[in-house]
Each structure stands twice: as C-alpha cells, then as structure tokens.
Amino acid sequence: MTLKEREEEIVDEFSLFSDWMEKYEYIIDLGKEAPPINAQYKTDDYLIRGCQSQVWLHAWKEDDKVHFEADSDAFITKGIVALLVRVLDGLSPEEILNTDLNFIDEIGLKDHLSPTRANGLVSMVKQMKLYAIGLQHKTEI
Amino acid sequence: MITSDKIVDFDVLEIRKDFPILNTKANGKPLVYFDNGATSQKPLEVINAIDRYYKTENANVHRGVYFLSQLATDLYDGSRQKITNFIKAEDTNTVLFTSGTTESINLVAQTWGRKNLSEGDELLISGMEHHSNIVPWQMICEEKGAIVKVIPLNDDGSLNMEVFEERLSSKTKMVAVAHISNTLGVVNPIERIIELSHAVEAKVLIDGAQAVPHIPVDVQSLDCDFYAFSGHKMFAPTGIGVLYGKRELLEEMPPYKGGGDMIDRVSFEKTTYAELPFKFEAGTPNIAGVIGMGAAIDYLNKFDWKDIIEYEDELLRYVTEELLKIEGLRIYGTTDQKIPVVSFLVDDIHPYDIGTLLDQLGIAVRTGHHCTQPLMDRYCIPGTVRASLSFYNTKEEIDVFINALNKILKMLR
Numbered sequence: 007m008t009l010k011e012r013e014e015e016i017v018d019e020f021s022l023f024s025d026w027m028e029k030y031e032y033i034i035d036l037g038k039e040a041p042p043i044n045a046q047y048k049t050d051d052y053l054i055r056g057c058q059s060q061v062w063l064h065a066w067k068e069d070d071k072v073h074f075e076a077d078s079d080a081f082i083t084k085g086i087v088a089l090l091v092r093v094l095d096g097l098s099p100e101e102i103l104n105t106d107l108n109f110i111d112e113i114g115l116k117d118h119l120s121p122t123r124a125n126g127l128v129s130m131v132k133q134m135k136l137y138a139i140g141l142q143h144k145t146e147i
Numbered sequence: 013m014i015t016s017d018k019i020v021d022f023d024v025l026e027i028r029k030d031f032p033i034l035n036t037k038a039n040g041k042p043l044v045y046f047d048n049g050a051t052s053q054k055p056l057e058v059i060n061a062i063d064r065y066y067k068t069e070n071a072n073v074h075r076g077v078y079f080l081s082q083l084a085t086d087l088y089d090g091s092r093q094k095i096t097n098f099i100k101a102e103d104t105n106t107v108l109f110t111s112g113t114t115e116s117i118n119l120v121a122q123t124w125g126r127k128n129l130s131e132g133d134e135l136l137i138s139g140m141e142h143h144s145n146i147v148p149w150q151m152i153c154e155e156k157g158a159i160v161k162v163i164p165l166n167d168d169g170s171l172n173m174e175v176f177e178e179r180l181s182s183k184t185k186m187v188a189v190a191h192i193s194n195t196l197g198v199v200n201p202i203e204r205i206i207e208l209s210h211a212v213e214a215k216v217l218i219d220g221a222q223a224v225p226h227i228p229v230d231v232q233s234l235d236c237d238f239y240a241f242s243g244h245k246m247f248a249p250t251g252i253g254v255l256y257g258k259r260e261l262l263e264e265m266p267p268y269k270g271g272g273d274m275i276d277r278v279s280f281e282k283t284t285y286a287e288l289p290f291k292f293e294a295g296t297p298n299i300a301g302v303i304g305m306g307a308a309i310d311y312l313n314k315f316d317w318k319d320i321i322e323y324e325d326e327l328l329r330y331v332t333e334e335l336l337k338i339e340g341l342r343i344y345g346t347t348d349q350k351i352p353v354v355s356f357l358v359d360d361i362h363p364y365d366i367g368t369l370l371d372q373l374g375i376a377v378r379t380g381h382h383c384t385q386p387l388m389d390r391y392c393i394p395g396t397v398r399a400s401l402s403f404y405n406t407k408e409e410i411d412v413f414i415n416a417l418n419k420i421l422k423m424l425r
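Chains as they are written, first to last, in my numbering: chain A, 7 to 147; chain B, 13 to 425.
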C-alpha cells in the first residue's frame with residue numbers, strides 16, 4: 007500500500023465516528039492492540055522527550071526501507087504513535103522526509119492534539135523524521 | 013453580584029453568579045473547573061476593578077504630582093494595606109509585591125540566602141515541595157556550598173516529624189516548607205515546624221500558595237520569618253504575588269533588582285536605596301495586578317472563613333467518598349487535615365488518558381507530576397490525576413465528574 011493509500015484508509019475509518027469520544031475510543035483500542043516494543047528498546051535512550059506520557063520509539067532499515075516500533079505507557083499516546091507507525095513503517099527514508107502527514111489534519115487529530123498540548127504528537131513526528139535522516143546511510147542507529 | 017460590604021450568607025449558587033467563566037462550555041459541555049490548585053477563576057469584582065483601572069484610573073504610581081497618578085497611587089497603596097490586613101502582618105512595609113510565589117521564594121534565596129548561607133550550612137525542605145520551593149534553594153546552596161536536606165513523608169502524605177527533628181540542628185539556617193501541598197492537599201503542621209526551627213535559630217519560609225485561597229492566615233501568630241503566595245490562586249489576576257517578611261530580616265537583606273522606585277539617591281559614584289518595601293520593588297510595578305488583588309481580598313472579606321471552610325470540607329468529604337467507590341482507585345494524601353484536593357490513580361491507567369478524556373467531557377483536572385517530581389518518586393508513580401476544588405464548586409459538579417470518570421474507565425479498562 008502506498009503512503010497515500012494508507013492515509014486514505016485511516017481517514018475513511020475515522021469518518022465513521024460522529025463524535026470525539028468515539029474517535030478516542032478507537033485510538034484507545036489501537037493503543038491496546040498495538041504490540042509492545044522489544045524490551046531492549048524500552049529504555050531512556052529511545053524515549054521521546056516532550057510528552058506527558060512516556061513514548062519509546064525504535065527504527066531500523068531493511069532492504070532500504072525504514073521500520074518503526076513504538077510504545078507508550080498511556081493508551082491514547084500509544085494509539086496515536088501506532089497510527090504514525092502504520093503510515094510510515096516500510097517506506098524509504100526519502101518518502102518519510104517528504105510527507106506532510108495530511109491525514110492528521112483530515113481526521114481532526116491536529117485540532118485536538120495541537121503542538122502546545124502535552125501529548126507530544128509533534129515530537130513523535132519529528133523523531134520519526136530524524137530517524138529517517140539518520141537511516142539514509144545507515145541500517146541501525 | 014454580591015455588592016454589600018458586610019459579611020454575606022454563604023450561598024454557592026449566588027457565588028457562582030460572581031464568576032462568569034463558570035457558565036461557559038468546554039468541548040461543547042458545561043465547564044466543570046476542578047483545576048483550582050493551578051489557578052483560580054476570577055469574580056466580576058476583580059475583573060471590573062482591572063477594567064475600571066485601565067479605563068479611568070491608569071497612571072504610573074509614586075511618580076506624578078497630578079490627579080490621576082495620585083489616584084492610582086492611592087489605589088495601589090490601598091491594596092497593600094488590604095493585603096497587610098488579610099495576612100495580619102505588622103505593617104505595609106513587611107508586605108512586598110512580587111510576580112508570584114516563585115519570585116517571592118527566589119527573592120529570599122537570592123538576597124537572604126546570599127547574605128546568610130555559607131559552606132556547610134544546611135537548609136531543610138520537605139519531600140512534597142513544589143519545584144519552585146526546591147530549585148531556588150538548590151541554586152543558592154550550590155553557589156554557597158550549603159546543603160539541602162529533606163523532610164521525608166509518611167505514606168498518608170503527612171510529614172515525618174521525627175525525622176524532621178533529627179535533621180534539624182544548629183547547622184540548619186533555613187526551613188522552607190509548603191503550608192499546604194499542591195499535589196496532595198495535605199495541610200502541614202507549620203506552627204510546630206516554626207517553633208522547632210526557631211529553637212535552633214533557623215529561619216522559616218512558608219510557601220502559602222495553596223493556603224491563602226482556603227484558610228485564614230495570620231503571619232504574626234504563626235511567627236514565620238517569610239510567607240510567600242500568589243494572587244492568581246486566590247481569585248486575583250496572574251503576575252502578582254506577595255512576599256511577607258519580618259521587618260528586621262527585610263531591612264538587613266540587600267536589594268534584589270536595581271532600577272527605578274527602589275532608590276533613595278542615585279549618582280554615578282554611589283546609590284543609596286529606598287526604604288521598605290520599595291527597596292525590593294524596582295521598576296514600574298504590576299499596578300493593575302495589585303489593584304486586582306485588592307479587589308479579590310475585598311471579595312473574600314465578604315465571607316466568613318468558617319462558612320468557606322465548612323463548605324469546602326463538605327466538598328472534600330463528598331468527592332473522597334464518591335471516588336473511593338470506584339474499584340481500583342487510590343487517593344494520594346489521606347490525612348485528616350486537607351483542603352478539597354484529591355490526587356488519585358486508578359489501577360495502572362495513565363493519568364494522561366484519564367485527563368484527556370475528562371477534557372472531552374468538559375471537565376478540567378490536572379494530570380502529571382504537578383511540579384512535584386520528587387514527591388512522585390516518593391510514591392514510585394509517574395503522576396496523578398488531581399481534582400482541586402474551590403468554594404464555587406458544587407456537589408452536582410462532583411456527580412458529573414464521577415459519572416464521567418466511570419464512563420471513561422469503561423473505555424480504558
């Protein structure tokens with residue numbers, strides 16, 4: 007699935023919900039279902055600063071594609087980072103760097119999770135892009 | 013709006029009319045404001061006083077010979093008198109205006125601390141302190157080679173007074189503790205702390221930020237050396253606060269900031285400083301904030317403290333009882349001396365999840381470490397959900413909060 011198709015799929019899923027409690031319910035379910043990060047990466051080295059809850063993010067490269075795994079101690083945060091992983095995992099570093107992640111806007115996540123809020127959405131996206139830069143010429147950081 | 017000057021009967025529905033924001037909505041739901049520990053809402057009397065000041069009374073204070081400047085100066089000085097009476101200080105010279113509790117504590121650390129601390133001296137703070145009653149002391153102690161020691165907490169959130177007495181010694185130069193914990197709502201036995209500290213000739217600074225909106229404070233009967241508090245937590249505007257200090261201490265302390273209004277005579281060779289309280293108030297002050305704070309005190313003075321305390325105790329009892337009906341819910345801070353603040357966790361659900369969903373239902377609570385990270389470490393938790401109530405909150409709002417919480421917990425479990 008292309009990046010665009012993945013984003014459209016998420017936008018479709020969110021269009022089913024009439025209010026924000028339903029959207030959150032869905033994000034929470036995503037957070038509950040998402041697999042935990044490999045225990046060796048659940049350390050301070052992989053922690054993203056700037057979130058009220060803790061978020062761990064690990065990335066590596068296989069066949070020129072970047073892969074992500076992420077975790078959080080809060081369900082909502084874990085659901086949000088799971089959405090980001092779903093969109094960006096398996097893309098080339100260049101694709102990751104060039105995307106605007108329009109789906110965040112389209113599902114209304116941006117209004118509710120603006121950069122000034124303590125959820126760290128912006129920090130997560132920034133960290134994923136930093137990984138993509140680092141993995142342009144390496145396989146592991 | 014309550015307008016008479018005499019004590020009025022306590023009627024929460026009438027009181028709520030004085031606070032326009034309580035009738036607004038958040039995320040489409042009627043606002044339930046349970047974050048009073050962070051900042052309080054403002055009554056119309058305060059809002060109108062600021063509005064009136066800028067519309068008809070604005071001029072710089074202590075400067076002009078003209079009508080408007082004299083009017084602003086009278087209002088400004090009048091507020092200092094109201095605050096002096098409010099905390100029962102000796103006189104207005106012992107009541108300094110600052111930007112808030114944080115600046116008040118920094119002022120003491122940077123002036124009293126700089127003058128009086130030296131290598132090997134000790135300073136005692138408690139394990140429940142807000143970062144603003146930790147970091148200013150760490151900064152000056154690091155510079156002076158003095159040591160910060162900590163009074164630990166018992167499991168119920170009370171201070172371990174036995175260890176306090178053990179750690180208190182002739183080396184202790186300052187004891188800095190909160191009157192009431194912002195995270196736990198627990199009231200500390202500051203009378204005893206002050207008495208014991210004075211017995212070893214240590215000075216005592218009380219962080220009163222959480223106390224002044226909830227209980228009457230009498231700095232002279234407490235006999236504390238310094239008492240710091242903010243306006244915005246006691247229904248006054250942001251950016252204005254107070255440092256009370258005993259006159260002999262303030263007189264000895266060097267100025268903190270240089271500028272206008274704090275001088276007696278300036279020449280390029282030598283400047284002499286103004287008398288108290290102006291020595292510590294360089295530059296044009298927050299005049300609107302000071303006048304707003306005077307209005308907040310006028311507002312509070314319309315009530316009998318006994319009524320406020322009785323009502324808030326009832327809110328605390330009700331919210332605590334209702335919360336404890338929820339399976340897996342733990343309250344942090346369980347002494348019998350509390351203001352209506354409840355800090356809690358449910359199972360291992362992250363406070364951020366609870367706070368985010370409560371917000372969707374119009375309920376404002378605080379989540380996180382509440383600027384008390386050492387306290388969170390003490391309980392080995394990342395943070396809590398804190399509901400901090402005020403006398404304008406109601407049992408009906410508590411019902412809305414509890415229903416919302418039950419709904420949310422179904423989603424999160």
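You may find that some hints are simply not true.
[Unchecked claim] Below, in silico cross-link-like pairs of lysine-lysine (DSSO-like), each with a Cα-Cα straight-line distance of 27 angstroms or less: (1) Lys-41/B to Lys-29/A; (2) Lys-161/B to Lys-29/A; (3) Lys-419/B to Lys-116/A; (4) Lys-38/A to Lys-37/B; (5) Lys-258/B to Lys-29/A; (6) Lys-38/A to Lys-422/B; (7) Lys-29/A to Lys-67/B; (8) Lys-337/B to Lys-116/A; (9) Lys-135/A to Lys-116/A; (10) Lys-337/B to Lys-38/A; (11) Lys-337/B to Lys-71/A; (12) Lys-116/A to Lys-422/B.
Bear in mind the hints are in silico, worked out from the structure with no lab data behind them.
Results of checking the hints against the structure:
Distance check on the hinted pair: Lys-41/B and Lys-29/A sit about 17 angstroms apart at the alpha-carbon level, within 27 angstroms; holds. A hinted pair counts as satisfied when its Cα atoms are at most 27 angstroms apart, and Lys-161/B with Lys-29/A does not qualify at roughly 48 angstroms. Among the hinted pairs, Lys-419/B with Lys-116/A is consistent with the structure: their alpha-carbon atoms are about 25 angstroms apart, no more than 27 angstroms. Using a Cα cut-off of 27 angstroms, the hinted pair Lys-38/A and Lys-37/B is violated, with the two alpha carbons roughly 31 angstroms apart.
Restraint check: the Cα-Cα separation between Lys-258/B and Lys-29/A comes to about 57 angstroms, which exceeds 27 angstroms; the hinted pair is violated. The hinted pair formed by Lys-38/A and Lys-422/B meets the criterion: a straight-line CA distance of about 13 angstroms does not exceed 27 angstroms. As the CA atoms of Lys-29/A and Lys-67/B are separated by approximately 46 angstroms, the hinted pair breaks the 27 angstroms bound. For the hint pairing Lys-337/B with Lys-116/A, the CA-to-CA distance comes to about 36 angstroms; that exceeds 27 angstroms, so the pair is violated.
The straight-line distance between the Cα atoms of Lys-135/A and Lys-116/A is roughly 18 angstroms, inside the 27 angstroms bound, and the hint therefore holds. With a C-alpha separation of about 26 angstroms, the suggested pair Lys-337/B and Lys-38/A falls inside the 27 angstroms cut-off, and the hint holds. Between Lys-337/B and Lys-71/A the alpha-carbon distance is near 51 angstroms, which puts this suggested pair outside the 27 angstroms criterion. Distance check on the hinted pair: Lys-116/A and Lys-422/B sit about 25 angstroms apart at the alpha-carbon level, within 27 angstroms; holds.
In summary, the structure is inconsistent with hints 2, 4, 5, 7, 8 and 11 from the numbered list given earlier, while agreeing with the others.
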